[in-house]
Every structure is written in C-alpha cells, then in structure tokens.
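Our numbering puts the first residue of the sequence shown at 640, with every later residue one more than the last.
To be clear, the hints were calculated from the coordinates, so they are not data collected in a lab.
Even glycine gets a Cβ: it sits at the ideal position worked out from N, Cα and C.
Treat the hints with caution; some may be incorrect.
As a list, the in silico EDC-like pairs of lysine to aspartate or glutamate whose alpha-carbon atoms are at most 20 Å apart [unchecked claim]: (1) LYS641 with GLU651; (2) LYS683 with GLU700; (3) LYS683 with GLU706; (4) LYS683 with ASP673; (5) LYS683 with ASP699.
Derived CB-CB ranges, DEER-like [as the list claims (entries may be wrong)]: (6) ALA695 with MET643: 15 to 23 Å; (7) SER672 with GLY702: 17 to 25 Å; (8) ARG663 with GLU696: 37 to 45 Å.
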Amino acid sequence: MKKMMSISVYGEPGNNATVHFPGRRNPAVAMQSDTLQGLIADLKHARQSLANGNSAEAMDELGGVLERLMEMHTGMINDVRREGGPDGTDWPAA
Numbered sequence: 640m641k642k643m644m645s646i647s648v649y650g651e652p653g654n655n656a657t658v659h660f661p662g663r664r665n666p667a668v669a670m671q672s673d674t675l676q677g678l679i680a681d682l683k684h685a686r687q688s689l690a691n692g693n694s695a696e697a698m699d700e701l702g703g704v705l706e707r708l709m710e711m712h713t714g715m716i717n718d719v720r721r722e723g724g725p726d727g728t729d730w731p732a733a
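Could you put the whole structure together from the sequences, leaning on the hints where they help?
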C-alpha cells in the first residue's frame, strides 16, 4: 500500500537519511536500495565464510557491517540532536 504523508528529514540525505514519521516517537533511517543490497551481500558472504570454516573472514565481514550500521546510527543521533528532537526534546537523552 502506497501512502502519501509528510515526514521530517534531518541533515543532508546521502546513501541514507534520518527521517521522522508523524505519530512516532523515534526517528528512523531511510536507506538507498543499493546500500541495503551491499549490507545484505556482506552478511551473505560472512555466512558463507562461516559455513566454509573461515571464521576470520566472517568476522572481518561482520565487523564491516557493524561499523557501517553504527555510523548510520551515530549519524541519526547527531542529525536529530543538531536539528532538535522529533518531539521538541533533545532525543535521545543519553
């Protein structure tokens, strides 16, 4: 179901953007499909590495995915704090 609505966009969108949907307390991250596909490919590669017994390679892939997700999360927090929280408070408090 496609629905038209107004959302708030924080910061400058790139491969991902911090957004806030009406009626929700917390912001979200909207991600370009190719960025999501890259994360999925890395996770599949890590899974295959584990299946092949190559835990070092799997850990390297998982570390890369974790680093990218943490960067997105940190960027989301920084965007919201810089622009003011979705409900007028400085989300998140910590």
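Against the structure, the hints come out as follows:
1. LYS641 with GLU651: violated (25 Å)
2. LYS683 with GLU700: Holds, because 9 Å separates the two Cα atoms, which is no more than 20 Å.
3. LYS683 with GLU706: OK: LYS683 and GLU706 at ~16 Å, within 20 Å.
4. LYS683 with ASP673: Distance of about 15 Å is within 20 Å: holds.
5. LYS683 with ASP699: holds (13 Å)
6. ALA695 with MET643: 15 to 23 Å: violated (48 Å)
7. SER672 with GLY702: 17 to 25 Å: Since the Cβ atoms of SER672 and GLY702 sit about 23 Å apart, the hinted range of 17 to 25 Å holds.
8. ARG663 with GLU696: 37 to 45 Å: holds (38 Å)
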